[in-house]
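Here the structure of chain A is known, so what remains is to put chain B in place on it, guided by the hints.
Protein chains in written order, with this note's numbering: chain A, -11 to 238; chain B, 364 to 522.
Take the hints with a grain of salt, since some may be wrong.
[What the hints assert, rightly or not] Derived lysine-lysine pairs resembling DSS-like cross-links, with alpha carbons at most 27 Å apart:
id, chain 1, residue 1, chain 2, residue 2
1, B, K502, A, K110
2, B, K417, A, K22
3, A, K74, B, K417
Calculated directly from the structure, the hints in this document are not laboratory data.
Everything numeric in this text was worked out from a predicted model, so none of it was measured.
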Amino acid sequence: MYHERRKGISTIMGTLIFVGILFTSVIPMYLVMKQADNIYTQNVHKMEISDQERAREAIEAHTYPLTSTSNQLNVKVTNTGVVPVKIVRVWINDVSYSVSTSIASQGNAVLGPFTVTLQNGKAYVTTVTTERGNSFASTSPTLFYINNYWFTPSLGIHVIVLNQAAAKYKICVYNEDKTWNSTKPYETQGTDNQDIAWTELVPTQGNYEVEVKKKVGGSWVDLPNTPIDVEIVWPGVSPVINVVADGRGT
Amino acid sequence: MRRLKVRRGISEVIASIILTAVVLTVGGAIWSFAQSATLAATNDYINGTFTTMKDITERFIVEHVSKNTDGTQLYVWVYNYGTVDIVSDVYANATHYNPTTHSYTYTCKLTMGTTPIVSGSYPQVTIDFQSNSLQSGDKIGIKVYTRRQNIAYYTYYVP
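The shape of chain A in the complex, shown without the other chains (with noise of 0.2 Å):
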C-alpha cells in the first residue's frame, strides 16, 4: 500500500516541470515575441500615418523685400494643404536661417525679415523645408537685385474658388478704372472637384478688381462678396496676392 503511493511520484514531478517550463520559458517568450509585435505595428502604422500627412503638405511661399533697396527679405507662406505645417527652415539661396512656425491649414504666417547679403545681378533662389521633411519652391517668380533695386519678374492675382462639384467659373482682373483686364477671361470647363485656383499677372503695383462669375442656369452670376477689391503694393509686401471667392452658395 506505502509503495503504491509513491509509485507515479516521478511522473507527477515530470510533469510540474513540463508545466513550470512552459509557464516560466514558453509562456512569456511568446508574451514578449507578440509585444514586440505589436511595438512593431504600431510604428509601421505610425509612419505610415506620418507619409500620408507628409504627402498631403502643400504650401505656398512668396518673398519680397522690405523696401525696394532693403538687404531683408520676407517670406510669406500660405498653408494651402489640409494638415498643419511647422517650418524649420527657410533657404535663400545657399544660406539656412532657423525658424519654428507652425501653420494650420489655409492659415499664412510671414516668416523673417531675412538679413542677405546684397549683390547686383544675383538671383535670390528661396525654399521653405518642414518638419515631415518637405522642400517647397518659392511660388513666386524668383528675384533679382539689379542696379541696386529689387526686382521681380512679374506681380500677380491668385484667385482660389471654393467650388462646388462640376460648376463652371469666369474668372477676370481688371485694373481700377478699367483701362487694363486680362487678355482672356480665364473659364473653368464644370469638371473640377475640387477648389479653382487661378493665378492672373498684371502688369503693375496699383488696385485691381477681380471679377468671379458662376454659370447657374444658362446665365453667368457674381459669386457673393464679388468683384474682390485688391491692392498690390510691391516691395512691401508678396507680389502675388490671394484672393478667395466661395463659389458654393450661388
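Just chain B now, with coordinates in the frame of chain A:
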C-alpha cells in the same frame, strides 16, 4: 524469508528515491536549458524586430545642394526628419556634356559617412571634385545611402 521481504521493500523505496532524483535532475537541467534557450530566442527576436523597426522608421532627404565658386567641391545637406539617427554615404555622379566633341564625361565621387546624422539635424556633406571640377550645365545625380540600406535621390544641375 521474513528478512528477504524486508529487504525487498527497501530496494523499492531506494528505487523510487533514485527515480525521483533522476527526474528532478534531468527535469531541472531541461528547465534550465529551456530558460536559456527561450531567453536567447526572445532576445534575438526582439533585437531583430527593433532593428527592422529602425530600418522602416528612417526618414531623410537631400534638402539642399550647392557648390563652391570654382566647382571643386559639392555641398549636400541631408536632413534627417525621422526619429532614429542615421549614418549615410553620399554618392555623386556628375555628367558633363562637351558640345564641341558631343561627348559625355562621367565622374563618380563618394563621401563615406563617419558620424551619425542625429534625428532632426541637417549636416552639410562635402564631396570633393578637385580632379574634375564641376561646370555650368553639369548634371549631378546624388544618392544618399544609409547603413540600413535606405536611399534618397536628388538631381542637381550646376548653375
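Structure-based check of each hint:
1. B:K502 with A:K110: Satisfied, since the Cα-Cα distance of roughly 22 Å is no more than 27 Å.
2. B:K417 with A:K22: 18 Å, holds
3. A:K74 with B:K417: Status holds; Cα separation ~24 Å.
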